[in-house]
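Engineer: Sequence:
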Amino acid sequence: MPRSFANYMRSFWNLNMNNKKLFDTLYKDFLSPENLANISSDKTYEEMTLMLDSYEENKELYIPENIVYDYYKGDFETFLKAVREVDESWADIYKPTDRIYCGFCGGRVVSFCMIEDMEMYEEDGITYKVGGPGCVGTIPEFRKKGIGLKMIDKATVILKELGYDISYVHYTGVAPWYSKLGYKTVLKWNKEGKWESVRG
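Just so you know, we're using my numbering here: the sequence shown kicks off at 1 and counts up by one.
Since the hints were made in silico from the structure, they are not lab data.
Be aware that a few hints might be false.
[Stated by the list, open to error] 25 Å max Cα-Cα, derived DMTMM-like pairs, lysine to aspartate or glutamate:
1) 145 to 196
2) 129 to 196
3) 43 to 161
4) 180 to 75
5) 154 to 192
6) 28 to 75
7) 154 to 75
[What the hints assert, rightly or not] DEER-style ranges, computed between Cβ atoms:
8) 21 to 66: 14 to 24 Å
9) 141 to 21: 35 to 45 Å
10) 21 to 75: 33 to 43 Å
11) 92 to 173: 28 to 38 Å
12) 190 to 53: 25 to 35 Å
13) 71 to 91: 17 to 27 Å
14) 119 to 143: 14 to 24 Å
15) 143 to 75: 21 to 31 Å
16) 29 to 58: 29 to 39 Å
17) 57 to 88: 10 to 20 Å
18) 108 to 193: 32 to 42 Å
19) 125 to 29: 36 to 46 Å
What you are looking at is a predicted structure, and each value in this text was computed from that prediction instead of being measured.
For glycine and all other residues, C-beta sits at the position ideal for the given N, C-alpha and C.
Construct the entire structure; sequences and hints are all you get.
Structural biologist: So, in structure tokens, the structure goes:
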């Protein structure tokens with residue numbers, strides 16, 4: 001199948017994709033009672049996707065002075081200090097082998113995410129390569145400056161360049177933030193295991 005036609009079909013099927021099947025493929029048993037018991041908040045969380053075939057870096061996003069973006073190549077324990085400023089539990093999730101992408105100010109990590117490789121997903125004869133940004137954070141003193149959003153913009157471009165078809169955001173409570181880049185909610189769920197599939 002020609003690549004252009006394949007991309008067209010992917011875009012078409014994304015509007016009609018079985019979102020719960022996609023979720024279960026990527027995060028099998030995530031909504032099990034055992035997992036949900038570890039979620040403390042009663043808020044609703046969202047799963048989001050973005051088809052990458054036509055994604056381009058958003059040149060209009062503001063980048064504060066002295067902020068540069070790149071993969072993290074330094075000491076891992078130093079990186080974890082920044083992670084702990086955002087969420088202590090994430091220090092157990094990040095591994096030295098992860099693809100870690102950051103915003104730096106004067107060489108200091110001020111914003112970070114991992115660029116995850118997820119499952120290959122097949123539906124209606126079309127195979128999708130799925131990846132996405134995970135454990136996204138900005139340390140408190142650098143928030144509200146647009147640093148994190150630009151980092152995710154650049155990470156999304158990287159996913160496209162690496163040949164991914166879908167960028168997937170899992171377990172987020174800040175869907176309006178991701179939607180600024182074109183990510184769309186495909187599934188909502190809560191601690192009680194109630195879920196709602198959202199059509200594009």
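Engineer: Compare the structure with each hint and give your call.
Structural biologist: Right, here's what the structure says about each hint:
1. Between residue 145 and residue 196 the CA atoms are separated by roughly 33 Å; this puts the pair beyond 25 Å, and the hint is violated.
2. Simply put, residue 129 and residue 196 have alpha-carbon atoms about 24 Å apart, close enough for the 25 Å limit, and the pair holds.
3. In summary, the hint linking residue 43 to residue 161 is not supported, as the alpha carbons are separated by about 34 Å, beyond the 25 Å threshold.
4. Proximity of residue 180 to residue 75 is assessed by CA-CA distance (about 32 Å); at most 25 Å being required, the pair is judged violated.
5. Distance restraint check for residue 154 and residue 192: the Cα-Cα separation of roughly 35 Å exceeds the 25 Å cut-off, and the hinted pair is therefore not satisfied.
6. Taking the CA atoms of residue 28 and residue 75, the gap is about 33 Å. The hint is violated against a cut of 25 Å.
7. Between residue 154 and residue 75 the CA atoms are separated by roughly 23 Å; this keeps the pair inside 25 Å, and the hint holds.
8. Checking the proposed 14 to 24 Å range against residue 21 and residue 66 shows it is violated: the Cβ atoms sit about 45 Å from each other.
9. Distance hint check: the CB atoms of residue 141 and residue 21 are about 42 Å apart, consistent with the given range 35 to 45 Å.
10. The hint said 33 to 43 Å for the Cβ distance between residue 21 and residue 75, and at roughly 41 Å that hint holds.
11. For the hinted restraint 28 to 38 Å between residue 92 and residue 173, the CB-CB distance of approximately 20 Å leaves it violated.
12. For residue 190 and residue 53, the Cβ-Cβ distance of about 32 Å falls inside the hinted range of 25 to 35 Å, so the restraint holds.
13. Separation of residue 71 from residue 91 is about 19 Å and conforms to the stated range, judged on CB atoms against 17 to 27 Å.
14. Look at residue 119 against residue 143: about 32 Å separates their beta carbons, and that is not inside 14 to 24 Å.
15. For the pair residue 143 and residue 75, the supplied restraint of 21 to 31 Å holds, since their beta-carbon distance comes to about 24 Å.
16. The hinted range of 29 to 39 Å is satisfied by residue 29 and residue 58, whose Cβ atoms lie roughly 35 Å apart.
17. Checked against the given bound of 10 to 20 Å, the beta carbons of residue 57 and residue 88, roughly 32 Å apart, lie outside it.
18. Restraint check, residue 108 to residue 193: a C-beta distance of roughly 40 Å satisfies the suggested window 32 to 42 Å.
19. Taking the beta carbon of each, residue 125 and residue 29 are about 26 Å apart, not inside 36 to 46 Å as hinted.
In the structure shown, a violation is registered for the earlier hints numbered 1, 3, 4, 5, 6, 8, 11, 14, 17, 19, in ascending order.
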